[in-house]
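When you get a sec, could you build the whole thing from the sequences and use the hints?
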Amino acid sequence: MSHRSVCGANYLAGDASLSPCESYGTEEFLMIEQRTQESSGAEGRAASVAGGMGFLGGFATGIGFFAFFPGLPHVVDWGAILVAVGVGGLVRWGVRWWVGR
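Per UniProt numbering, residue 1 is the first one in the sequence shown, and the count goes up by one each step.
The hints are simulated quantities; they were obtained by calculation from the structure and are not laboratory data. Watch out, some of these pointers could steer you wrong.
[Stated by the list, open to error] Estimated spans, in silico, between C-beta atoms of each pair:
id: 1; residue 1: 69; residue 2: 43; range: 35 to 41 Å
id: 2; residue 1: 46; residue 2: 79; range: 32 to 38 Å
id: 3; residue 1: 69; residue 2: 99; range: 27 to 33 Å
id: 4; residue 1: 41; residue 2: 94; range: 18 to 24 Å
id: 5; residue 1: 75; residue 2: 46; range: 34 to 40 Å
id: 6; residue 1: 101; residue 2: 64; range: 27 to 33 Å
id: 7; residue 1: 65; residue 2: 99; range: 21 to 27 Å
id: 8; residue 1: 52; residue 2: 78; range: 33 to 39 Å
Yeah, the Cβ is synthetic: ideal placement off N, Cα and C, and Gly gets one too.
So, in structure tokens, the structure goes:
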């Protein structure tokens, strides 16, 4: 059974549990929810910035590998750019996972 987390929402028939507004009161519930959203927003921004920096670092590492590694033709073509974007995406995913733990 799914519930809505909005004050005054109609619950499914047969559900005897109290809504969050009935158990805390409307003002207290809204204050608790606002604090929760503010803390999750700050963590989300930090994870987003860290993920962006991770993407840029991974992309630069990928391009640098194809541009300067000995034995390669030292030409950055579309394939190298796509691989660098893929490496940047993987690093971004890894950083966001690490920050979110």
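Now the hints, each set against the structure:
no., hint, verdict
1, 69 - 43: 35 to 41 Å, "37 Å, holds"
2, 46 - 79: 32 to 38 Å, "34 Å, holds"
3, 69 - 99: 27 to 33 Å, "30 Å, holds"
4, 41 - 94: 18 to 24 Å, "23 Å, holds"
5, 75 - 46: 34 to 40 Å, "38 Å, holds"
6, 101 - 64: 27 to 33 Å, "29 Å, holds"
7, 65 - 99: 21 to 27 Å, "25 Å, holds"
8, 52 - 78: 33 to 39 Å, "23 Å, violated"
The earlier numbered hint that this structure contradicts is number 8, and it is the only one.
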